Amino acid sequence: MLNCIGSNRIGSKRIGFIARAAVLAAIATAGAAHATDITGAGSTFVYPVLAKWSAAYSEKTGNRVNYQSIGSGAGIAQIKAGTLDFGASDKPLAADELKQSGLGQFPLVIGGIVPVANVEGVRAGQLKLDGATLARIFLGEISNWNDPAIAALNSGLKLPNARITVVHRSDGSGTTFNFTNYLSKISPTWKAKAGEGTAVNWPSGIGGKGNEGVAAFVKQIRGSIGYVEYAYALQNGMAYAQLKNAAGQYVQPDAQSFAAAADTADWSRAQDFNLIMTNAPGEQAWPITATTWAILYEQPKDAQRSKTAFDFFKWSLENGQTQAQSLDYVPLPKSLVERIESYWQTQFEQ
Amino acid sequence: MNSAGQLAIGLDAERVDRRFSGDRAFRWLAGGCAALVALALLGAATSMAWGAHEAFATFGWRFLISTDWDPVDHRFGALVPAIGTVVSSGIALLIAVPVSFGIALFLTEVAPAWLRQPVASAIELLAGIPSIIYGMWGLFVFVPFMAAHVDPWIDAHLGKLPGIGMFFSGPPLGLGMFTAGIVLAIMVIPFVTSVMREVFLTVPNRLKESAYALGATTWEVAWHIVLPYTRQAVIGGVFLGLGRALGETMAVTFVLGNAHELSVSLLMPGNSIAAAIANEFTEADSSIYRSSLIALGFLLFLLTFIVLAIARLMLRRIERNRGPA
Numbered sequence: 001m002l003n004c005i006g007s008n009r010i011g012s013k014r015i016g017f018i019a020r021a022a023v024l025a026a027i028a029t030a031g032a033a034h035a036t037d038i039t040g041a042g043s044t045f046v047y048p049v050l051a052k053w054s055a056a057y058s059e060k061t062g063n064r065v066n067y068q069s070i071g072s073g074a075g076i077a078q079i080k081a082g083t084l085d086f087g088a089s090d091k092p093l094a095a096d097e098l099k100q101s102g103l104g105q106f107p108l109v110i111g112g113i114v115p116v117a118n119v120e121g122v123r124a125g126q127l128k129l130d131g132a133t134l135a136r137i138f139l140g141e142i143s144n145w146n147d148p149a150i151a152a153l154n155s156g157l158k159l160p161n162a163r164i165t166v167v168h169r170s171d172g173s174g175t176t177f178n179f180t181n182y183l184s185k186i187s188p189t190w191k192a193k194a195g196e197g198t199a200v201n202w203p204s205g206i207g208g209k210g211n212e213g214v215a216a217f218v219k220q221i222r223g224s225i226g227y228v229e230y231a232y233a234l235q236n237g238m239a240y241a242q243l244k245n246a247a248g249q250y251v252q253p254d255a256q257s258f259a260a261a262a263d264t265a266d267w268s269r270a271q272d273f274n275l276i277m278t279n280a281p282g283e284q285a286w287p288i289t290a291t292t293w294a295i296l297y298e299q300p301k302d303a304q305r306s307k308t309a310f311d312f313f314k315w316s317l318e319n320g321q322t323q324a325q326s327l328d329y330v331p332l333p334k335s336l337v338e339r340i341e342s343y344w345q346t347q348f349e350q
Numbered sequence: 001m002n003s004a005g006q007l008a009i010g011l012d013a014e015r016v017d018r019r020f021s022g023d024r025a026f027r028w029l030a031g032g033c034a035a036l037v038a039l040a041l042l043g044a045a046t047s048m049a050w051g052a053h054e055a056f057a058t059f060g061w062r063f064l065i066s067t068d069w070d071p072v073d074h075r076f077g078a079l080v081p082a083i084g085t086v087v088s089s090g091i092a093l094l095i096a097v098p099v100s101f102g103i104a105l106f107l108t109e110v111a112p113a114w115l116r117q118p119v120a121s122a123i124e125l126l127a128g129i130p131s132i133i134y135g136m137w138g139l140f141v142f143v144p145f146m147a148a149h150v151d152p153w154i155d156a157h158l159g160k161l162p163g164i165g166m167f168f169s170g171p172p173l174g175l176g177m178f179t180a181g182i183v184l185a186i187m188v189i190p191f192v193t194s195v196m197r198e199v200f201l202t203v204p205n206r207l208k209e210s211a212y213a214l215g216a217t218t219w220e221v222a223w224h225i226v227l228p229y230t231r232q233a234v235i236g237g238v239f240l241g242l243g244r245a246l247g248e249t250m251a252v253t254f255v256l257g258n259a260h261e262l263s264v265s266l267l268m269p270g271n272s273i274a275a276a277i278a279n280e281f282t283e284a285d286s287s288i289y290r291s292s293l294i295a296l297g298f299l300l301f302l303l304t305f306i307v308l309a310i311a312r313l314m315l316r317r318i319e320r321n322r323g324p325a
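Order-wise, the sequence lines are chains A and B. Using my numbering, read the first sequence as starting at 1 and increasing by one per residue. Using my numbering, read the second sequence as starting at 1 and increasing by one per residue.
Derived from the structure by calculation, the hints contain no laboratory data. Predicted model only: the values in this text are computed from it and were never measured. It is possible that some hints are incorrect.
Said to hold, decoys possible - To give a feel for the contact side, a few chain A residues facing chain B, derived at Cβ under 7 Å:
#1 71
#2 163
#3 170
#4 171
#5 172
#6 191
#7 195
#8 197
#9 198
#10 199
#11 200
#12 201
#13 203
#14 207
#15 210
#16 221
As the list claims (entries may be wrong) - Stretches of chain A that chain B covers, calculated by requiring three or more beta carbons in the stretch to come under 8 Å of a beta carbon on chain B:
#17 72 to 80
#18 327 to 336
Claimed, not checked - DMTMM-like mimics (lysine to aspartate or glutamate), calculated; alpha carbons at most 25 Å apart, straight line:
#19 B:208 <-> B:109
#20 A:191 <-> B:68
#21 A:219 <-> B:54
#22 A:99 <-> A:349
#23 A:191 <-> B:261
#24 A:193 <-> B:17
#25 A:80 <-> B:54
#26 A:185 <-> B:54
#27 A:191 <-> B:70
#28 A:193 <-> B:261
Glycine included, C-beta positions come from ideal geometry on N, C-alpha and C.
Same shape as in the complex, but just chain A (with noise of 0.2 Å):
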C-alpha cells in the first residue's frame, strides 16, 4: 500500500516533469517559427551549389532552404500549381508564359558544357572542334576520327583511323537542351532534322542516364565522343576538347571562358533574362555556356516565405561566390546581379 502511493506520487511528479516540458518544447518551437523554411525543387544541374548555398545560409540566418531535384520540366510544373516557394529550370520561360502564371524569373549561377571524347593519344584541351563539325559528328555525317574535316582543325595532333560513337544523354535534362540549342544555332541541318530540346530525336548514339551515364560510357567505349557538364569532365579526367566560338578563337573551357560568355551576352534586350548563351559574341566566351534560372511567383500567397526566398538568393548572389567556385560552377558576373536585384524591385511584390 504504502509502495503503491509511492510510486503515484513519483508518477504525478513524472507527469509534471512532462508537462513542463512539453510547455518548454511548445516555447521552443514558437521561437523557431521565426525562422522560415522555404522549398524550392527543379534543375538538377543547379542541385550541388543550391545545396551548398542553403547550408551556408541557414548556419548565417536559421532559414532553411529545403531543395529537391526533381528535374527542370517537373519544378515549372510545381511551380505553376503553386506548391512551392521557388522553382528552378535550365531552359528560361517566355514572356508570355510567365505573365500568363503572373511569374517572374532570373538567373542564378553559370555553368559550363563541354564535349569529351576518348581517342587515342588525345589529351584534356588538345582536341579542336568547331560548331559545324561538332554538329556533323552528331547528326552521323562525321564517324572516323581521320576524317579530313576532323583533320583540318587540328593540324598538330594525330588522329587514329576510329569509329566515332556518339554519346547523348538518355533523360531528358538542361544540358541537352543547351548543347542541342547550340548545335542548332550554328547548324541548319541539326535544326531541321533534331532541333532543341531537353530531349531530341538523336540521329546517332546511344544514350546514357545523367551526367555520370554519358561520362561512365565515353569513358569505356574508344573512339565516342559525349558531352557533360564542365564538372564531370573536370572529376573524371575527361579529355574534353576545345571549342572554336562565335568570335573565330579557339578556347579552352574554364571558369573564365564561361564567365566571359555572360559578360558579353546581351542581357539588356532580354526580357525577364529570357536568354539562351550559347554561341556567346565574346573574344574569349565558351560557346556552350548555360545558367538556371528561379522562378518565383510576382505577387506571393506568403509574403513572409517569399521574402525569405529573395534575401536567400540575394545573400546567395552576392556572397556564395567561394561555393559555387569550389562545385566548378562561375558566379555570375556583377553587372548582372546588379541588373537582376533592380529587376526583382520592378518586377516582385516584396
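With chain A fixed as given, assemble chain B onto it according to the hints.
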C-alpha cells in the same frame, strides 16, 4: 462434413452461432483482401488508359508500329521500346531457364546435404540485391568486359555467318540487347531457381527411388520423373521470372544503350519500355509527350497480361494432352 456435424452437436447453440458469425467475418475479411488486389489492378489499368488516351487519340494504332520518337516535333511511337523489352526479356529467359533448372537440380538431387542450404541461401540473397546495383555492376564491370572480350568474338565468328550474321554483327560497344539480356538473366535466376527448388523438393521419394531402382541415371530421373511431376509449378516460376524481366527498369537502362533506333543486331543498343519511361518522365514537358510515356506503360501492362494469358493457355493444352490424371 461429417466431422463438422459431430463437432456442432457438442457445442451449445450460442457458441455455434458466434462461431459462424466469426467465420462470416473472416470470410469477408479475406474476400476484402482479394478485392483490394482486383481494385488496385483495375485502378492502375484505368488510370493508365486515361493518361494514355491523348496519345492513342493523336497517333491511333500507328502508335504501336511507329519507330518515331521525336520530343521536339511531338511524334511518338512504341515499336522500338516494345521490341527492346520483348527481345531483352526473351534473351534473359533463354539463359535463365536452363541455368536455373541446373541449379535447382544440383541443389535437390546432386549436391551433398551440407552444401544444399548454404547455396540455397546464397541464391535467395541474390534476389534481395536492389536492381540499381545490378545496373551499376553492369555499367562499370560487365559492359567493359563484354566490349573487350565477348562482343568482338561474336562479331568475328557469328557476325560473318550467312543468314543469321546480321543478328550478331556490330561494333564492340559492350552495350546493347545481348548485354541487357545477360544482366536480366542474372537478376531473374534467383527467382526461377527458388521456385524450381521448392517444387522439386515436393516430388515423392518413392517415385524417384523407383526410377533409380530401375537403373535410371540422375538426368533421366530429372527429365522423366521430376520435371513432369512439377511441370505446372515450374512454368509458373518461369513466368514469374519473365514478369520481372519485362518490368525491370534500372538495370536495363544502364546497359541497353537507350537508343531509339530499331536494329536487328543483338550487339546494337536499343531501348525498353520501362527504361524509356524512367529516363524521360521527369522532363516530359508537353502533355502529348507525357501521354505517350503513359501509353508505353499501358502497353507494358497489356504485354504482361498477354504473356500470362499465353502461359495459362499453354498449361491447359499440356494438361489436356496429358489426359486426366
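Checked hints:
1. 71: holds (3 Å)
2. 163: Holds, about 6 Å.
3. 170: Holds: closest Cβ of chain B sits about 3 Å from residue 170 (chain A), inside 7 Å.
4. 171: Holds - the Cβ of residue 171 (chain A) comes within 7 Å of chain B, reaching about 4 Å at its closest.
5. 172: Where the cut-off is 7 Å and the nearest Cβ of chain B is about 2 Å from residue 172 (chain A), the hint holds.
6. 191: violated (10 Å)
7. 195: Holds: closest Cβ of chain B sits about 4 Å from residue 195 (chain A), inside 7 Å.
8. 197: holds (5 Å)
9. 198: Hint on residue 198 (chain A): holds, closest Cβ of chain B at ~4 Å, below 7 Å.
10. 199: With a closest approach of 4 Å, the residue 199 (chain A) hint holds.
11. 200: holds (5 Å)
12. 201: holds (4 Å)
13. 203: Not OK, violated: residue 203 (chain A) not within 7 Å of chain B, min 9 Å.
14. 207: With Cβ-Cβ at 3 Å, under 7 Å, it holds.
15. 210: Nearest chain B Cβ about 9 Å off; hint violated.
16. 221: Constraint on residue 221 (chain A) satisfied, holds at 6 Å.
17. 72 to 80: holds (count 4)
18. 327 to 336: violated (count 0)
19. B:208 <-> B:109: holds (10 Å)
20. A:191 <-> B:68: Roughly 17 Å separates the two Cα atoms, so the pair holds.
21. A:219 <-> B:54: Violated, at about 40 Å.
22. A:99 <-> A:349: Holds, at about 14 Å.
23. A:191 <-> B:261: Roughly 20 Å between the alpha carbons, so the hint for residue 191 (chain A) and residue 261 (chain B) holds.
24. A:193 <-> B:17: Outside the cut-off at roughly 77 Å; violated.
25. A:80 <-> B:54: Holds, because 22 Å separates the two Cα atoms, which is no more than 25 Å.
26. A:185 <-> B:54: violated (32 Å)
27. A:191 <-> B:70: Since the Cα atoms of residue 191 (chain A) and residue 70 (chain B) sit roughly 13 Å apart, the hinted pair holds (cutoff 25 Å).
28. A:193 <-> B:261: Given pair residue 193 (chain A), residue 261 (chain B) holds - Cα atoms ~15 Å apart, limit 25 Å.
The structure fails hints 6, 13, 15, 18, 21, 24, 26 (numbered hints given earlier, in ascending order).
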